[in-house]
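Engineer: So you can see what is in the structure, the chains are spelled out below.
There are 2 protein chains.
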Amino acid sequence: MPAPSTTPPARITVLSGGVGGARFLQGLLHLVAGGDTEVTVVANTADDIWLHGLKVCPDLDTVMYTLGGGIDTERGWGRTDETWRAKEELEAYGVEPTWFGLGDRDLATHLVRTQMLEAGFPLSAVTEALCARWQPGVRLLPMSDDRVETHVVVDDPDEPSGRRAIHFQEYWVRLHAEVPARAVVPVGIDQSSAGPGVVAAITGADLVVLPPSNPVVSVGTILGVPGVRDAVRSTTAPVVGLSPVVAGSHVRGMAAQLLTAVGVEVSAAAVAEHYGARSAGGVLDGWLVDTADADDVARVEAAGIGCRAVPLMMTDLDATAAMATAALDLAAAVRR
Amino acid sequence: MPAPSTTPPARITVLSGGVGGARFLQGLLHLVAGGDTEVTVVANTADDIWLHGLKVCPDLDTVMYTLGGGIDTERGWGRTDETWRAKEELEAYGVEPTWFGLGDRDLATHLVRTQMLEAGFPLSAVTEALCARWQPGVRLLPMSDDRVETHVVVDDPDEPSGRRAIHFQEYWVRLHAEVPARAVVPVGIDQSSAGPGVVAAITGADLVVLPPSNPVVSVGTILGVPGVRDAVRSTTAPVVGLSPVVAGSHVRGMAAQLLTAVGVEVSAAAVAEHYGARSAGGVLDGWLVDTADADDVARVEAAGIGCRAVPLMMTDLDATAAMATAALDLAAAVRR
Numbered sequence: 025m026p027a028p029s030t031t032p033p034a035r036i037t038v039l040s041g042g043v044g045g046a047r048f049l050q051g052l053l054h055l056v057a058g059g060d061t062e063v064t065v066v067a068n069t070a071d072d073i074w075l076h077g078l079k080v081c082p083d084l085d086t087v088m089y090t091l092g093g094g095i096d097t098e099r100g101w102g103r104t105d106e107t108w109r110a111k112e113e114l115e116a117y118g119v120e121p122t123w124f125g126l127g128d129r130d131l132a133t134h135l136v137r138t139q140m141l142e143a144g145f146p147l148s149a150v151t152e153a154l155c156a157r158w159q160p161g162v163r164l165l166p167m168s169d170d171r172v173e174t175h176v177v178v179d180d181p182d183e184p185s186g187r188r189a190i191h192f193q194e195y196w197v198r199l200h201a202e203v204p205a206r207a208v209v210p211v212g213i214d215q216s217s218a219g220p221g222v223v224a225a226i227t228g229a230d231l232v233v234l235p236p237s238n239p240v241v242s243v244g245t246i247l248g249v250p251g252v253r254d255a256v257r258s259t260t261a262p263v264v265g266l267s268p269v270v271a272g273s274h275v276r277g278m279a280a281q282l283l284t285a286v287g288v289e290v291s292a293a294a295v296a297e298h299y300g301a302r303s304a305g306g307v308l309d310g311w312l313v314d315t316a317d318a319d320d321v322a323r324v325e326a327a328g329i330g331c332r333a334v335p336l337m338m339t340d341l342d343a344t345a346a347m348a349t350a351a352l353d354l355a356a357a358v359r360r
Numbered sequence: 025m026p027a028p029s030t031t032p033p034a035r036i037t038v039l040s041g042g043v044g045g046a047r048f049l050q051g052l053l054h055l056v057a058g059g060d061t062e063v064t065v066v067a068n069t070a071d072d073i074w075l076h077g078l079k080v081c082p083d084l085d086t087v088m089y090t091l092g093g094g095i096d097t098e099r100g101w102g103r104t105d106e107t108w109r110a111k112e113e114l115e116a117y118g119v120e121p122t123w124f125g126l127g128d129r130d131l132a133t134h135l136v137r138t139q140m141l142e143a144g145f146p147l148s149a150v151t152e153a154l155c156a157r158w159q160p161g162v163r164l165l166p167m168s169d170d171r172v173e174t175h176v177v178v179d180d181p182d183e184p185s186g187r188r189a190i191h192f193q194e195y196w197v198r199l200h201a202e203v204p205a206r207a208v209v210p211v212g213i214d215q216s217s218a219g220p221g222v223v224a225a226i227t228g229a230d231l232v233v234l235p236p237s238n239p240v241v242s243v244g245t246i247l248g249v250p251g252v253r254d255a256v257r258s259t260t261a262p263v264v265g266l267s268p269v270v271a272g273s274h275v276r277g278m279a280a281q282l283l284t285a286v287g288v289e290v291s292a293a294a295v296a297e298h299y300g301a302r303s304a305g306g307v308l309d310g311w312l313v314d315t316a317d318a319d320d321v322a323r324v325e326a327a328g329i330g331c332r333a334v335p336l337m338m339t340d341l342d343a344t345a346a347m348a349t350a351a352l353d354l355a356a357a358v359r360r
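Just so you know, the protein sequences line up as chains A and B, in that order.
Here this note's numbering = 1-based position in the first sequence + 24.
Here this note's numbering = 1-based position in the second sequence + 24.
FYI, nobody ran anything at the bench for these hints, they're computed from the structure.
The structure presented is a predicted model; accordingly, all values stated were derived computationally and were not measured.
The beta-carbon is built from N, C-alpha and C at its ideal position, and this holds for glycine as well.
There may be inaccurate statements among the hints.
Covered by chain B, according to a simulated footprint, are these stretches of chain A (three or more residues, beta-carbon under 8 Å) [as the list claims (entries may be wrong)]:
#1 59 to 73
#2 131 to 138
#3 260 to 272
Which chain B residues stay away from chain A? Per the calculated CB distances, all over 12 Å, these [to be verified]:
#4 Thr107
#5 Ala116
#6 Arg129
#7 Ala153
#8 Pro181
#9 Val197
#10 Gly212
#11 Pro250
#12 Arg253
#13 Arg276
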C-alpha cells in the first residue's frame, strides 16, 4: 500500500451510503490507523424503512457493522453468522413484506433502535448508543434525525397514471432494480434538517470525501438535506470524490439505473459533471476515476475538477487503502 | 381414558393461565374431539409485559402454541426448536432486561402483535389474527383489551419503605419466586373492562371450568376484571374447578408463594374456600382435588362445594383427558 505523500488531514468527513462507502471507509481507516486523524461519517438515512414495526437503517448499520467487525463480508450487508428464524416465522404468519430479510442477530439492533426512538431519542443519539457497542472507529452521524424516504417511480399499468412510487428498498430488494426507474423522489427531504454535527463536520473538516457510493440515492440524498450542499460548497476543505462508475457501469448496486432516471449518462466523467466543480457552484474539487476510464480525465478537468485515474476496484483492504491514499494525494494537489 | 358419563356440554368456557391451563385444555380438547363442543378460553393477560418495545403475552401464547402444536413441550412455554440469537445480541448491546428470554421464532409473534396493536387493533383482534395461523381449536379471548399488569411486592432494604413492587415476570423469571411475596397488585384492573365476548362466553356457557391455573395471578386476576366475577356468579352453567395445589404444594409455578402472600393456606381445600361456593357468593359449584388430598373432600363439601378426589397429575394426555372427564362428570353431578 503506498503511503500518502503528505500526513493525513486531522479531520476527514465522508458522505457515505452503504456497502461501497463502508468498504472505502475500511481502507481509509487502515490508512490513517495509529495517527491522529478523526474520521466523521455522514450517512444516508433515506434508505431507512419501517419493517414489522421496526426502524431499519441499512446504510448506518452497514457502516457500523463493517467498521465494527460485525458485517457479513460475503454479502456486504447484515450480520455475520446470521440466521433467519424470525423471518421464517413472520412469513408463516403471512405478514408483508416478505422480501426484506431481517436476520435474527440483526433484529436486536432494530429492536434497540426502535425502542430508543419510541422513547424519544433522536436517531443521532440512538446511533451513538449503538456505536458504543460496535466501536466503528469513526464518528457516525445520520444525515438527518428527520424521516426522509427515497421513493422510486416505476411503471405500473394497473395504476391510472401508469406509474407508481415505491420505497427504494422495494425497488432494490424486491425488484432487484430490474425495471426502469422513472424518477427518484426523496420524500420529506425539503422539510428535513441536517442532523446534529453534520454541517459542522463538513465546514470544520480538513478534507471532505465522496466515496464511491451511489451519486443519486446515497450521496445525492445527503447533499439534498437542506444546508448540506451549501456546507460542502463553502467548506475551506478540499472535496474529492471517487467514481462509483467504472467503464460505463456501476461496480455494485444500481447507480446505472438511477443515474439514467435522473438523466445522467452512466460514465465516470458524467457523474463528476453531475456533482459539478465547486468553482462553478458544484461540490467537487477533485475526482478519481478508474484506470479503465483514463480517457475521462480530460473531460472532468475541463469541468474544473482535478482528476486522476487510479485503480478503483476495492478487491481487498490494500487496494482500498490505496484508493484512500490516492484521494488524500488528490486532495493535497487540488488544495494548492 | 374413561368417557364422561354424559355427552359433553356444547359450550365450555375455561378461565386459563399459562402452562397448567394450556395442558388441561389439551386434555379437554382430546376428550371432546370429533363432537360438537365449542371451547372458549378466557386467558389471563396480567402477566403480559412490554420487553424491548414488544408486547409479550405469555399466557395467550402458551395456550396458542400448546394447542396449535408450536410449544416447546419440554419447557412448557415458548416455541419448539427455538434459538436465542437475538437475545444474545440484545445482551451484547447491554440492554435490560436480560432475564427474560425472547426466542428468535417467538419474536415473530411479538412483532406481529406489537405492530397490530400500534396500528390500533385491540389485543382481542390481534389474538384472533395470530390464531388464524395456529388454529388452536378453541376460541381464545384475552380477559381484557386493557393493560392490566400484576405486580408483586417484595422486600427491598434499599427502599425507604423497605419494599418494592416489581412486575410479576420479574418475580417469577428473574427471582424464581424465591423471595417472599408480600402482596400482589393487579395494576390497572379496576379501570379495565372485560374483553369482547368474555362475559357472554361465561353467561352463555353450558359449563365453566377453572383449570389448575394459579388461583391468585391467573384465575384470580381474570375474576378481578370488572364484570367477570359477576358473570361467573350468575351464569346458569355449573362452575367446576381443579386444584392446582396437591398435597400442600403447587404442581407447577408459584401458587404457594402467592397464596401465602394473599393469606390463603396452601391446601386444595383452602383454595376452594378462597374461591368460595356460588351458593355463598363465591364462584364454585364443584372442585376436584387430587387423590392425595382425599381428606380435603369433606372440608370442601362443608363449604357448599361439590368435591371429588381424582388423580390430578397431568403426566400425559390420557391422564389429562381423564381429569377433564372428571370435571365434566362433577359438573353434571353438581348441576342436579
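Engineer: Which earlier hints can't be squared with this structure?
Structural biologist: Of the numbered hints given earlier, those the structure breaks are 1, 3, 4, 5, 6, 7, listed in rising order.
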